[in-house]
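There are 10 protein chains.
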Amino acid sequence: MLFQVEMTVSIPHDWNAEAVARLQAEEKQYCHKLQREGKWLHIWRVVGRYANVSIFDAASNDELHDLLRQLPLFPFMQITVTPLARHPSSLDGAG
Amino acid sequence: MLFQVEMTVSIPHDWNAEAVARLQAEEKQYCHKLQREGKWLHIWRVVGRYANVSIFDAASNDELHDLLRQLPLFPFMQITVTPLARHPSSLDGAG
Amino acid sequence: MLFQVEMTVSIPHDWNAEAVARLQAEEKQYCHKLQREGKWLHIWRVVGRYANVSIFDAASNDELHDLLRQLPLFPFMQITVTPLARHPSSLDGAG
Amino acid sequence: MLFQVEMTVSIPHDWNAEAVARLQAEEKQYCHKLQREGKWLHIWRVVGRYANVSIFDAASNDELHDLLRQLPLFPFMQITVTPLARHPSSLDGAG
Amino acid sequence: MLFQVEMTVSIPHDWNAEAVARLQAEEKQYCHKLQREGKWLHIWRVVGRYANVSIFDAASNDELHDLLRQLPLFPFMQITVTPLARHPSSLDGAG
Amino acid sequence: MLFQVEMTVSIPHDWNAEAVARLQAEEKQYCHKLQREGKWLHIWRVVGRYANVSIFDAASNDELHDLLRQLPLFPFMQITVTPLARHPSSLDGAG
Amino acid sequence: MLFQVEMTVSIPHDWNAEAVARLQAEEKQYCHKLQREGKWLHIWRVVGRYANVSIFDAASNDELHDLLRQLPLFPFMQITVTPLARHPSSLDGAG
Amino acid sequence: MLFQVEMTVSIPHDWNAEAVARLQAEEKQYCHKLQREGKWLHIWRVVGRYANVSIFDAASNDELHDLLRQLPLFPFMQITVTPLARHPSSLDGAG
Amino acid sequence: MLFQVEMTVSIPHDWNAEAVARLQAEEKQYCHKLQREGKWLHIWRVVGRYANVSIFDAASNDELHDLLRQLPLFPFMQITVTPLARHPSSLDGAG
Amino acid sequence: MLFQVEMTVSIPHDWNAEAVARLQAEEKQYCHKLQREGKWLHIWRVVGRYANVSIFDAASNDELHDLLRQLPLFPFMQITVTPLARHPSSLDGAG
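Chains as they are written, first to last, in my numbering: chain A, 218 to 312; chain B, 218 to 312; chain C, 218 to 312; chain D, 218 to 312; chain E, 218 to 312; chain F, 218 to 312; chain G, 218 to 312; chain H, 218 to 312; chain I, 218 to 312; chain J, 218 to 312.
Keep in mind the hints are simulated off the structure, nothing from the lab.
Just to be clear, a hint being listed does not mean it is correct.
In silico DSS-like pairs for lysine-lysine, Cα to Cα no more than 30 Å straight-line [what the hints assert, rightly or not]:
#1 E/K256 with D/K256
#2 A/K256 with C/K245
#3 A/K256 with B/K256
#4 E/K256 with F/K256
#5 J/K256 with B/K256
#6 H/K245 with J/K250
#7 C/K256 with D/K256
#8 G/K256 with I/K256
According to the in silico footprint, chain E covers these stretches of chain G (three or more CB under 8 Å from chain E) [as the list claims (entries may be wrong)]:
#9 221-233
#10 274-282
#11 290-298
Quantities reported herein were computed from a predicted structural model and do not represent experimental measurements.
Using N, Cα and C, we set each Cβ at its ideal position, and we do this for glycine too.
Excised from the complex, chain A in its bound form:
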């Protein structure tokens, strides 16, 4: 079951630089892990912004929320979730 997820990151300018770097490294690892597990299908950078557009594949709304709230940068993110359905014109077998 697919969801479009848009994440915008906003870290206070006076935040500790080391702490930010550590969170970003953890974020990257977590992102890799979910991609390998087939949960985080796509992640693209929105040009010109510290933001991404992603496609998640989750078994349920509950699973999706669990995946998102564990994002290391979650407290600094503004997240929008749009549930997606198979489009009748899609040739993509997986939806």
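Add chains B, C, D, E, F, G, H, I and J to chain A, keeping to what the hints say.
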């Protein structure tokens, strides 16, 4: 080069039903054609709305506009385009 | 899996009154059917507006979209879907 | 008398972690208490956000405001209240 | 129990002038009736707009919706309802 | 001459608690004074928010601004003013 | 007493051209009359739009509404009114 | 003196096709004329929309409004004007 | 050449009170200077807000920006500029 | 391939003045470099705001993002990117 394209369709309620059906059939054919050509990578239905979220792969902004303005339902669509770049955390080879 | 669905109905003022009445009757029947099937858990009127706030229980995003696009008044509705997850403070067994 | 209440929580990033944890524990207790009293009928997590959608049953606007302003996290919440009425298509006896 | 109700009227320009005049006369009568019954406490014109700000006193959300949906101009109105509570600084006995 | 005034209060979370309490006490006194003088006709709490909807009666725009800028909590308020006129359907002698 | 008034005109494209021309001529006459009476102090065209920014001088909110609702193009206008007060830095004697 | 001008065109779907084609041809001619006169410096298509972003060079606000209101498609356009000044980092001699 | 300029001032609550007072005094002096020079034609207070609506007369967009960026409170202001043209119904010789 | 890029700069008021000056000098140098390389075609100041409207010429979305994220003031900017295509009415050879 990838773009997120969001299309919302709004056809006047009193439009000729046959003309609508014909446009929708043409739209589907055109959508299939662009998918087969690798231009229209993904199309998903937004749940509960006559709208879709799509990912296009175009060689340039000009090509993308050409692809979109030829959509049979273009005159009835509200379209938003978001240019996407490769995300540093993406494991997807193709970006 | 629960979703909050907000529906706002807007029928052109010059629409045929009989056709509207028929659609509204069909809408009511369909709404009753989905409630009996346990798909449409709650429907409340938004005070002062031709709109409702509803809670749906669907097995997937695809099922939810199928349920919504078959609403007899669907072409006259503006629909917003919010995916819901179980809240850690909820005492409600069913989520 | 039912109300849809949407609460979005936003705690400053540099707030004392212990104080936050204490407030969250108190919030949970208070939420349980109101659920047991039949005042807070439903609470759902909005997927991907530190927010909830809730349904309250209060005897009056005044009672509802009293219930909400005593939320331990009230000073950190953005709250929207929508008064609900019984929908003519609802099969739910309680409205 | 008090509610702030804002009504904005928008009648299609090509509507039958006589029908509009009749609706407006009925609207005025209905407004007078509710004022006399103590349901519609105040109605003020918003300067420069075909709109009003009103204060209603209703026993419940259901009663308020019933009062509003019977407004002769209801199909042409955009209505916003804000539930009001007694303010701790108010000297007004009735709240 | 009547005005609808909506005030939303937003005090920084780390503001000195005593100073806030003092300002709130002064605010209450000032509000009582203006009510007694017949300048501040009504004040209602917006349910679920640290905000109010008020009706002021001022001799002029200048007088209204003078009344508002002296509010002890003025620096922490977001204020919206809507000029009101007598509504032709109002039975209220005073407008 | 001064007010900033912004008027945006929107006449349906299929409106009778002669009727529009007549309304516009009446509008101009009425505008001249109010300027001569010292009620309509300034009127400026917003560049690129069928809209104006105006300054009115009215004795009361009621008078201002009376002046505006008699605008021949009133039914086709979207009007926003902002009450103005004398600015402490203004050197203009009249405020 | 430069201005950014954004034009969005919206022609009713049931407009006479020939009349539209004639207006569009006139629009193109007028656009060419202003470009040759050095008034309309740039015009770009907004990808995916019947809209453009343009840069105008006009001697005054009055001249700019005159240029814009003579656009053959003006009655069907939503126009936004942003006045531009020379940027201190610009290497472009003409500003 | 006229421009409507709307300025909203927002100074952080914890700013040094003396520094604020000094900036405000400088702002007033600068405002007086520009009024005397015929650049700042009008300044009005927006009722209930720390904001003003002003009319500037500048020879060019560049001059206007120069005037505005030298406002002592400029770093604390949110400014909106609307270019104005002579209105065909204006009786005011100066536009 | 052209893009309209709007940048709004917002530096916290209590930021170190020297650090800001250094960033601004670096920003200017970087802006000059990209102009000389033909990547940053135009930059204009938005009158009255710490913001600019720019036109970029980049080979791809990825290149554009790379150019933008290296802006020394990037962490303090709100950036909006609009992809542009050649307009059929443009006489400009380069699009």
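Results of checking the hints against the structure:
1. E/K256 with D/K256: holds (26 Å)
2. A/K256 with C/K245: violated (39 Å)
3. A/K256 with B/K256: holds (25 Å)
4. E/K256 with F/K256: holds (25 Å)
5. J/K256 with B/K256: Holds, because 26 Å separates the two Cα atoms, which is no more than 30 Å.
6. H/K245 with J/K250: violated (36 Å)
7. C/K256 with D/K256: Holds: C/K256 and D/K256 sit about 25 Å apart, inside 30 Å.
8. G/K256 with I/K256: holds (25 Å)
9. 221-233: holds (count 3)
10. 274-282: holds (count 3)
11. 290-298: n = 5 at 8 Å, threshold three: holds.
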